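There are 6 protein chains.
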Amino acid sequence: MKDVIAKAEILLEALPYLRRFFGKTIVIKYGGHAMANDELKESFAQDVVLLKYVGMNPVIVHGGGPQINSMLETMGVESKFVRGMRVTDERTMKVVEMVLVGSTNKEIVGLMNRHGGRAVGLSGKDGELIVARKMLVENQDIGLVGEVIGVNPRVIQSLDAADFIPVIAPVGVGLDGATYNINADLVAGKIAAALHAEKLILLTDVAGIRDEDGNLISTMASEEATQLIAGGVISAGMIPKVECCIDALAGGVAKTHIVDGRVKHAVLLEIFTTEGVGTEVVRSTAAKRRAVRRIRKA
Amino acid sequence: MKDVIAKAEILLEALPYLRRFFGKTIVIKYGGHAMANDELKESFAQDVVLLKYVGMNPVIVHGGGPQINSMLETMGVESKFVRGMRVTDERTMKVVEMVLVGSTNKEIVGLMNRHGGRAVGLSGKDGELIVARKMLVENQDIGLVGEVIGVNPRVIQSLDAADFIPVIAPVGVGLDGATYNINADLVAGKIAAALHAEKLILLTDVAGIRDEDGNLISTMASEEATQLIAGGVISAGMIPKVECCIDALAGGVAKTHIVDGRVKHAVLLEIFTTEGVGTEVVRSTAAKRRAVRRIRKA
Amino acid sequence: MKDVIAKAEILLEALPYLRRFFGKTIVIKYGGHAMANDELKESFAQDVVLLKYVGMNPVIVHGGGPQINSMLETMGVESKFVRGMRVTDERTMKVVEMVLVGSTNKEIVGLMNRHGGRAVGLSGKDGELIVARKMLVENQDIGLVGEVIGVNPRVIQSLDAADFIPVIAPVGVGLDGATYNINADLVAGKIAAALHAEKLILLTDVAGIRDEDGNLISTMASEEATQLIAGGVISAGMIPKVECCIDALAGGVAKTHIVDGRVKHAVLLEIFTTEGVGTEVVRSTAAKRRAVRRIRKA
Amino acid sequence: MKDVIAKAEILLEALPYLRRFFGKTIVIKYGGHAMANDELKESFAQDVVLLKYVGMNPVIVHGGGPQINSMLETMGVESKFVRGMRVTDERTMKVVEMVLVGSTNKEIVGLMNRHGGRAVGLSGKDGELIVARKMLVENQDIGLVGEVIGVNPRVIQSLDAADFIPVIAPVGVGLDGATYNINADLVAGKIAAALHAEKLILLTDVAGIRDEDGNLISTMASEEATQLIAGGVISAGMIPKVECCIDALAGGVAKTHIVDGRVKHAVLLEIFTTEGVGTEVVRSTAAKRRAVRRIRKA
Amino acid sequence: MKDVIAKAEILLEALPYLRRFFGKTIVIKYGGHAMANDELKESFAQDVVLLKYVGMNPVIVHGGGPQINSMLETMGVESKFVRGMRVTDERTMKVVEMVLVGSTNKEIVGLMNRHGGRAVGLSGKDGELIVARKMLVENQDIGLVGEVIGVNPRVIQSLDAADFIPVIAPVGVGLDGATYNINADLVAGKIAAALHAEKLILLTDVAGIRDEDGNLISTMASEEATQLIAGGVISAGMIPKVECCIDALAGGVAKTHIVDGRVKHAVLLEIFTTEGVGTEVVRSTAAKRRAVRRIRKA
Amino acid sequence: MKDVIAKAEILLEALPYLRRFFGKTIVIKYGGHAMANDELKESFAQDVVLLKYVGMNPVIVHGGGPQINSMLETMGVESKFVRGMRVTDERTMKVVEMVLVGSTNKEIVGLMNRHGGRAVGLSGKDGELIVARKMLVENQDIGLVGEVIGVNPRVIQSLDAADFIPVIAPVGVGLDGATYNINADLVAGKIAAALHAEKLILLTDVAGIRDEDGNLISTMASEEATQLIAGGVISAGMIPKVECCIDALAGGVAKTHIVDGRVKHAVLLEIFTTEGVGTEVVRSTAAKRRAVRRIRKA
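In order, the protein sequence lines correspond to chains A, B, C, D, E and F.
Quick note on the working numbering: the first sequence kicks off at 1 and runs consecutively.
Quick note on the working numbering: the second sequence kicks off at 1 and runs consecutively.
Quick note on the working numbering: the third sequence kicks off at 1 and runs consecutively.
Quick note on the working numbering: the fourth sequence kicks off at 1 and runs consecutively.
Quick note on the working numbering: the fifth sequence kicks off at 1 and runs consecutively.
Quick note on the working numbering: the sixth sequence kicks off at 1 and runs consecutively.
Take these hints with a grain of salt, some might be off.
Since copy identity is lost for identical chains, a pair holds within one copy or between any two.
Simulated crosslink set (DSS-like; lysine-lysine; CA at most 25 Å straight-line) [unchecked claim]:
1) Lys41 / Lys2
2) Lys255 / Lys288
3) Lys24 / Lys288
4) Lys288 / Lys41
5) Lys288 / Lys80
If you're looking for bench data, these hints aren't it; they were derived computationally from the structure.
From a predicted model like this one, the values you see are computed outputs, not experimental measurements.
Could you build the full structure based on these sequences and the hints that come with them?
Written out as structure tokens, the structure is:
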């Protein structure tokens, strides 16, 4: 009996978080290891369904990754890269869209539904959700790689209102109807801003951001993040993610989190525990101070 | 880190119950030890607030008990009893109402609000929630002891819709305006029926119902309960509670539970675990079979 | 037949007032003689129920008075006073709350329901309606006597929307959960401001405010009231009531009235006749001029 | 002061009627003397506006009368009659419609608005409110005199919902678009049935229905009315009105009243007093018995 | 088959206009030849019903004209004129109202209903839609000729919301209840402004506005129109119409059109083709440039 | 000018159809030639967007076809067939889903959006729209070929309510989460029944159904269709389509149409002309008679 009571007490620890985030929108970028490992896939789907059932509005943006490469290979499409970004011609784009929207997205939707959620997949073309244009990389045209120029959130809002969980593939549509492949972190940031989300959570494959001495940073203000980037402390791979947080905060998102997606239930832990599992980027130094105080008290 | 992940997994165990009871009404009779012990009082308030936050509609009916006796004593009002029921003259009734509505009820409301709930206290007079008439005990008039003849649930529904938790004192009003003291179990049963509640939970000070051999019964059908009463197996003190369950089931409540209120978090455990903590009385033998199967599977 | 036609014409005299106050909120402080005399109690209940039926939203705040004293006496609790205010220790507070919420409030609710209204009683703890803190009197701590620091009107609004009449006992709750006894006039004023009420009516046991020559003042502006207080013209007992009117006007209430509660149907007369029965305190000299003109015209 | 209190008491006498008729639809056929005399016109407009303000839904159907005759005369249109009904050719119909819809209706609307109502005039053509066909009189074609074959009440319901008072001219439209002049009593009865009205009130120029001995009948059941007609007791002029009541009762109207429109405030008196001013025709003998009992008790 | 496909393609040409005007309010002044010729009457009714069915909100204001004169003549009422405006005494006004509201309006309503619309006629008295005062012409009192001083659009909005088509006779009501005859163009302009209409369309009996050289002007800015009036280029008869457009634009209407009502389906052509059939007056020179560009592109 | 007027008249011919189908749901199976030819693709997208703008609710179910074959080939997946149906192993199913959901569906969505619609693509997994199970063909397991066992239409209804056009790929999800390829005609029929659609339109590559003499049948009743199938008159390829119509009619769809998708604007012609372009299958012989009469009259 003691065991069961202990369980009840753990449920009750969730109460302050339930109160704080009730009815709030949480945008989660889902990718990396968490999307590749079967156990983590299950745990992620469960986490999201739970959030929905306790009254929050999770919105998922997923990446693509290994599946795309293997499909391109199977089909004998060769890939060139410019500064680590794939040059995306029309044929490649067709494969990317097909895999992201027709395979990856559907797998995630199916998994959530199997855990009792009611997920609905969307591409950026649906309801013209993500309007994009060609992104130049160092003034070079690398094909159909896009950046977001507008978000029409109404389709998300309709689905939210009917208690569905929107799951979004990072494909955008140009004003001329062209299809663009867009970095999923960027899409998540823009959608979080358009929805005035309470939280943006980016799942990554690292433990968080580290300072000059290699120590994990638990909370940092937007301006510190900018300095760390300028000072070369943040690794190249993390820079886009951190910038995405900075932008989302500027666009009205209340808090952003870079979270270790390799940890089981990383999303639940981020939302329902004081410490979280990664680095939190907040709007201002004052907000950071409040966050730190909360951790100490707990 | 393992510890936190274990916690997340406990949260997730709640998921099937969250799904099953989302938006459902749970009427809880609160009384006995659970209302006398400070730790249990806190744990009960937390349990109820949690239910509200995860989307259920808890409705509380509380008893009175020791406070009434001590107040009658302080005021020098003597009590006579007929078959264990207090003969309630007008003066006694005034004290009973004052204590139940003005003291006990307010303490419960205050406690829930301190845990972040938004509770509102009601007496059966408010919105003529509980309409009553005099109850004769063996054809004897024992004064203002009443039985429920009607429930006007609209005030509860308005408060529910605005996300308040209704907390009800078991005082009824006669068609002539008289005030009646009513057994709280009976009130809870009638209100559960009027609200077509999903569950009626009666907190008691025993572990549950026992069979002829003294073994705890985990689940029994309405007809078995009737037989056990007829057979003299169920103790005199439990008979009214069991009858109240039988009536509520007949009135449309989906399930009823006689639960050990001396156990911390008894309400949460009842709702979020397979075994529960007491005896479940269900409508039919078929329903019992389903319940038993669920327990075995878990 | 002439008699009946005359009656119809009296009904029709109400038409302009029905039009003016349709859908408006009228906060009424109920106390003094009107709460002690049986005939006046009936007439008050009828008045309020009528207001509700013709489309206004009456909100009642009641005082306590003699009942509290007699209960304290019965229970052998002695009372000390500082500048006419009772020093309220915890034990006294418990009795005050019990009487106000569990007895006085319920009697008023019951009476209104008997006249066909649908009243619901509230204490300041319900839905944390009245948040309070300790009030020092001349820097002296006189115990649990409070002043209002916040009003959460949502529970009133939910009940209004469902056509209930809220009846409020002047008990507040501290941020720490403590219970406070608060002057009912003050509570009525704060609630009127929080609801942006059209009218605040304070029932008293005098004919109204008198000027230096002892003549009844029918209408006065807020600034005149301030001067009369400064000039020592207004009696000590009336000062808190007049200040409460001044505050309510500053807080957005359209008009305030100090009305002679000893007159039968004082509330109806105040609302449905030009002269009213007492003294009206209005926001500005211009508003006063308009009011005076209306009386002359009638 | 006594006078004013007496007035308040008269207001309160209205309370039971306010409760009984709140939100109910009252269809009133307006015609005869009440539409010709200036004082009665004012009193009728006031009565209707009051009903609206206290929460009922009055719907007015008006007749035409003397104005039509004088206009036909002015224009030199001669009239033939068959069994007291005007033979209505197209030219006559045009004048009838013009006077009813463009003059009489507008005067009533204007008068109500001047008393603070918000009236909107309708002809049976508006929203195809009244669909009609030619009525033969003893197998004779007397032109564009119609009978109602359908009512589309939606335009009335939209106006009601927006708090307007609908005022209806008894002009119908044929399936072929032809315009028909229809008896206003008949129109009122059909509209009352289509709206499931609580009451149908027909204003007339007599004191009510009399029995064989010439005594006024206060209440009679539908079947008695049928017998009185069969027995030749009811005068020829009253027969259509009584039949209209019988039909309306059969069509679902709760009560019907033939009221003396020459009495000032006849409508208010009918609704707000026990005796009323005329003859009430109710559905059954049982309903009659209840009505009679109510009168005796008052 | 080719023919039918060609028809489908014409339907599809309407698509961009359907998109642009979906849910928008279009106020149309109906008068002149279009109201006198049977074929044009039919075509106008069809046009309006179609607009309603494809999701726009047409609101019709009609004039009077020849019918009034013939009725005055029949009745032997003589007319005097001041600067072309009829001196309107009370007797004349009564005839004007009767004809406009009781005859012309009803004919239009009937015609639309026959084409499957659901039209409801309104006079400015209904719901006090058009509040007016006496208009002096060169400081001369010419009787009950009015100008609009207020519009209460709620009755129109209620009807719109219930999918009725409002058809308005240009009769206004004074603050004292007097009836005023008002120029229908002026009424249409004021109603368009009160409804924030997308378009005001004035049907006339000319091809449009011509410039100094007699060429039809297709589009002109508000300021140009002012200059053309000042320069004496616009004919006396057209000046009030053009001024009405200028006022409506200033009052918030998006676009105004002076259209040749002698052309069959003039309303449809104006809305569903690029060129339109008359002269468009737009708010600014920039708006004009955009309009011209659109025509060239088409 | 005559030309433009002729155009307006063609617009007006649509009026009776607009009235009949306003707010109605039209399910369209899109496939075959209409999905392969660029001109037909454009014309189909325009047709659907027009339907939406004039107030109908089109719901599209599309097929797959040649794209799937070419992708399987590119990827080197070989296909076996049983009675003309592809044996679908897991690897094949993955390709089918990817192409249908990630490519074909997205192309249709994009095309509609480019024509001003707001389309949203759905797979049967989204919101568990299409629940399926394995379909045996002559008792043979041919892999993941499914039949519909349930439709959850809520996601369609949410999108409809927010004015989106749902575009559905015929992929179903098993109770165990498996993915099934389902015949698009069958899906369209089941969805039409679940939505109580007004019409089900199946686009094909033939002119319609022919009788024994090879003459096109314009309208036939459900029972005739059954006889023609039994009699071997309907070709093997058409049998499933006709059966799908029969089922949909039995399931509550008002009318079904087998339409020649090779004709430009086939959808518009079917809805907006009397003859339509193919064969109509109606519920009963009586319905057929009404339809034939309508054609003759036109």
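Those earlier numbered hints the structure runs against, lowest number first
Hints 4 and 5 not satisfied by this model.
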